[in-house]
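Position 39 of the sequence shown, counted from 1, bears residue number 39 in my numbering, the numbering being contiguous throughout.
It cannot be assumed that every hint is accurate.
Said to hold, decoys possible - In silico DSS-like pairs for lysine-lysine, Cα to Cα no more than 25 Å straight-line:
(1) Lys51 x Lys166
(2) Lys66 x Lys76
(3) Lys51 x Lys76
(4) Lys66 x Lys51
Said to hold, decoys possible - Between beta-carbon pairs, the in silico distance windows are:
(5) Ala57 x Pro101: 51 to 61 Å
(6) Pro17 x Ala52: 24 to 34 Å
(7) Ala61 x Ala122: 32 to 42 Å
(8) Leu18 x Gly117: 16 to 26 Å
(9) Phe198 x Val138: 13 to 23 Å
(10) Ala68 x Val148: 23 to 33 Å
(11) Pro141 x Ala38: 31 to 41 Å
(12) Arg165 x Phe4: 35 to 45 Å
Hints in this document: simulated from the structure, not taken from any laboratory.
Nothing here was measured: the structure is a model prediction, and the numbers come from that model.
Where is the CB? At the ideal position from N, CA and C, for every residue including glycine.
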Amino acid sequence: MSVFASLVEQLADLLHPLFSGAATAAAIVVFTMAVRLAVHPLSRAAARGQKARVRLAPQLAELRKKHAKNPERLQKAVMELHAEEKVSPFAGCLPSLLQAPAFFLMFHLFSSGRMAGHSLLAAPLGGHYADALGAGGVFGPAGRVYLVLFAIVAVVATYTYLRTRKQQALNPVQAVPDGQPGAGAMAAMTKYLPLLSFATLISVAVVPLAAALYIVTSTTWSAVERAFLYRDMPAAGALAPAA
1 MSVFASLVEQ
11 LADLLHPLFS
21 GAATAAAIVV
31 FTMAVRLAVH
41 PLSRAAARGQ
51 KARVRLAPQL
61 AELRKKHAKN
71 PERLQKAVME
81 LHAEEKVSPF
91 AGCLPSLLQA
101 PAFFLMFHLF
111 SSGRMAGHSL
121 LAAPLGGHYA
131 DALGAGGVFG
141 PAGRVYLVLF
151 AIVAVVATYT
161 YLRTRKQQAL
171 NPVQAVPDGQ
181 PGAGAMAAMT
191 KYLPLLSFAT
201 LISVAVVPLA
211 AALYIVTSTT
221 WSAVERAFLY
231 RDMPAAGALA
241 PAA
């Protein structure tokens, strides 16, 4: 943790001439972008996998029809097809999983008080939205910082929601995990999956501001990255987990 704190402080020192008192907040944003850049090759691999699954959709539909009364045989056939085409059903999860350690380090670093005294304008980086409300209300100096973050998240979440709904409409076969038991329950869950993009609003409200900056930056990066990676495949990739 001390090594991580030193890294953030050194990065903040480098950015201080440009951002003055908000240098630490800027360092968090730059650090987040560096983490996302590091896992970008995995995101590209996940995009290739998603495109391959869409390409294989007709074959998967045929397998479902052929083995409709034998779920175990269906699952085996789907796994064999994925192996033959070198498609991993878990590739889309890897970018999010590899970001998790960086997020938790950010969360614990500022929630523990080890970085006390750093702020973004009038909002302490170790503080929460509840603290901002208590200090001046929704439109107080700290509250306005959160309003900007909420606005960014709302725009990104709306974009993700619309893109996911379009993805489900264009590729309904991808909404249910191929050949897995409990497909009916998964289909019901997938129906409401687009709404999960708005859960980020809750996260921003309950975690320390430093962690909220990480979430907002990473979520925005994800939206832009998917728009680029799936530009030749309308609305694809929206079902991949967000950060």
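Structure-based check of each hint:
About 15 Å separates the Cα atoms of Lys51 and Lys166, which keeps this hinted pair within 25 Å; it holds. Simply put, Lys66 and Lys76 have alpha-carbon atoms about 13 Å apart, close enough for the 25 Å limit, and the pair holds. Simply put, Lys51 and Lys76 have alpha-carbon atoms about 21 Å apart, close enough for the 25 Å limit, and the pair holds. Straight-line distance between C-alpha atoms of Lys66 and Lys51 comes to about 23 Å, which keeps the hinted pair within the 25 Å bound.
Hint check: Ala57 to Pro101, Cβ distance near 34 Å, so the stated range 51 to 61 Å is violated. Taken as a hint, the range 24 to 34 Å is violated for the pair Pro17 and Ala52, whose Cβ atoms sit roughly 47 Å apart. Taken as a hint, the range 32 to 42 Å is violated for the pair Ala61 and Ala122, whose Cβ atoms sit roughly 56 Å apart. Our hint of 16 to 26 Å for Leu18 and Gly117 holds, since their Cβ atoms are close to 20 Å apart.
For the hinted restraint 13 to 23 Å between Phe198 and Val138, the CB-CB distance of approximately 19 Å keeps it satisfied. Hint check: Ala68 to Val148, Cβ distance near 52 Å, so the stated range 23 to 33 Å is violated. Roughly 35 Å separates the CB atoms of Pro141 and Ala38, a value that falls within the hinted 31 to 41 Å. As the Cβ distance of Arg165 to Phe4 is approximately 38 Å, the hint placing it in 35 to 45 Å holds.
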